[in-house]
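*Asks:* With chain A's structure known, arrange chain B on it following the hints.
Residues per chain are reported as follows:
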Amino acid sequence: EAQVTQNPRYLITVTGKKLTVTCSQNMNHEYMSWYRQDPGLGLRQIYYSMNVEVTDKGDVPEGYKVSRKEKRNFPLILESPSPNQTSLYFCASRMTGGLRTEAFFGQGTRLTVV
Amino acid sequence: DQQVKQNSPSLSVQEGRISILNCDYTNSMFDYFLWYKKYPAEGPTFLISISSIKDKNEDGRFTVFLNKSAKHLSLHIVPSQPGDSAVYFCAASYNFNKFYFGSGTKLNVKP
Numbered sequence: 001e002a003q004v005t006q007n008p009r010y011l012i013t014v015t016g017k018k019l020t021v022t023c024s025q026n027m028n029h030e031y032m033s034w035y036r037q038d039p040g041l042g043l044r045q046i047y048y049s050m051n052v053e054v055t056d057k058g059d060v061p062e063g064y065k066v067s068r069k070e071k072r073n074f075p076l077i078l079e080s081p082s083p084n085q086t087s088l089y090f091c092a093s094r095m096t097g098g099l100r101t102e103a104f105f106g107q108g109t110r111l112t113v114v
Numbered sequence: 001d002q003q004v005k006q007n008s009p010s011l012s013v014q015e016g017r018i019s020i021l022n023c024d025y026t027n028s029m030f031d032y033f034l035w036y037k038k039y040p041a042e043g044p045t046f047l048i049s050i051s052s053i054k055d056k057n058e059d060g061r062f063t064v065f066l067n068k069s070a071k072h073l074s075l076h077i078v079p080s081q082p083g084d085s086a087v088y089f090c091a092a093s094y095n096f097n098k099f100y101f102g103s104g105t106k107l108n109v110k111p
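Going line by line, the protein sequences match chains A and B.
Residue numbering for the first sequence follows my numbering, starting at 1 and increasing by one per position.
Residue numbering for the second sequence follows my numbering, starting at 1 and increasing by one per position.
Next comes chain A alone, as it looks inside the complex (with noise of 0.2 Å):
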């Protein structure tokens, strides 16, 4: 079944203690991408890859780090978390290749500061 996997599904930690959201896709997509979705504010863009060892900023990079080391992988590193950065986020993914399809996203990390 083509998807993607984000983990964990929830997580509360701690100001200060590094985390690390994974994302994985199956479906050979060279794009991919993470997104925070808050009230009122709608889904925003942190990182994006457009394929492996590349990454760009989106709109709201502060506070993340991203890699790209194979393509089916984007993890996302939150080096020193703070209670701003509680949100609900979401890995993508889609093809590229001049076409322009639609992305796919996973099920979505739940995460608390404390």
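The hints are all genuine.
Estimated spans, in silico, between C-beta atoms of each pair:
#, chain 1, residue 1, chain 2, residue 2, range
1, A, 51, B, 17, 44 to 50 Å
2, A, 54, B, 67, 31 to 37 Å
3, A, 88, B, 27, 21 to 27 Å
4, A, 13, B, 16, 43 to 49 Å
5, B, 20, A, 26, 32 to 38 Å
6, B, 110, A, 57, 41 to 47 Å
7, B, 111, A, 65, 46 to 52 Å
8, B, 5, A, 28, 34 to 40 Å
9, B, 79, A, 67, 44 to 50 Å
10, B, 72, A, 69, 40 to 46 Å
11, A, 2, B, 110, 31 to 37 Å
12, A, 1, B, 29, 32 to 38 Å
13, B, 27, A, 101, 18 to 24 Å
No wet-lab data here; the hints were simulated from the structure.
Idealized CB from N, CA, C, for every residue including glycine.
*Replies:* Just chain B now, kept in the frame of chain A:
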């Protein structure tokens, strides 16, 4: 400042009637627009899209209209069904790498 806005947080419609969801944008560089649907505890799923070279795109019960001069797009669902009850997000892009989403409209279709 949000470049894509959905000014109606919620909409309630009777089953069988038309649902019209609206979206406004500010960036005239946007050339591709999408609608996503989201159920609770799930990720958004793609619904329909439109390129800026068109003003209408249809897919079954779903039609998206684009008015470039007004920087406005709308999603029409006819007829509305209870299973359409979800949060709908519009999104826009100008290079298909960076995407800007609205805040969402929660649609409730009453049986």
